[in-house]
Amino acid sequence: MKIAFIKISSHPKEFSHTKDGIELTGTLTRTRGHKVELNANMRGEIILDCDRCAKKYPYRIDTPLEFALYDKVFPLENEEDLDSMEFLDGIIDIDEIIQSEVASIESFYHVCEDCENCEELLEIEL
1 MKIAFIKISS HPKEFSHTKD GIELTGTLTR TRGHKVELNA NMRGEIILDC DRCAKKYPYR
61 IDTPLEFALY DKVFPLENEE DLDSMEFLDG IIDIDEIIQS EVASIESFYH VCEDCENCEE
121 LLEIEL
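Heads up: the sequence shown begins at 1 in the numbering used here, then just goes up one per residue.
Among the hints, a few may not be true.
Straight line, CA to CA, 27 Å or less: simulated DSSO-like cross-link-like pairs of lysine-lysine [to be verified]: (1) K19 with K55; (2) K72 with K19; (3) K7 with K35; (4) K13 with K55.
Because the hints were derived from the structure by calculation, they are not lab data.
The structure displayed is predicted, hence computed values, not measured ones.
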């Protein structure tokens with residue numbers, strides 16, 4: 001789903017989009033000339049690999065998202081600016097936001113329920 005930056009006004013624009021089983025629902029609101037705020041919730045399920053035993057398991061996502069979106073290069077001034085994305089072509093790509101957030105979740109250390117409840121140190125030779 002793509003939304004032109006120019007179509008976002010100071011009145012919240014509602015959206016809902018699903019990609020690969022992940023739903024992103026929320027609003028886009030222009031707060032300044034080149035800045036749009038995204039307030040949304042991401043829900044769905046992805047398959048992760050356990051970082052201990054390498055078993056695949058389902059991981060439930062239900063998380064709020066707040067981002068500042070820009071249609072020009074934005075200089076980072078403080079730590080809060082890290083929650084921002086630039087869409088230099090003037091088009092907000094909701095698929096890209098979903099993919100970016102899923103990739104971020106996948107990059108963390110994850111253990112399956114079996115390993116989480118296991119008190120032994122697992123040493124598996126691969």
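Evaluated hints:
no.: 1; hint: K19 with K55; result: holds, 24 Å
no.: 2; hint: K72 with K19; result: holds, 26 Å
no.: 3; hint: K7 with K35; result: holds, 13 Å
no.: 4; hint: K13 with K55; result: violated, 41 Å
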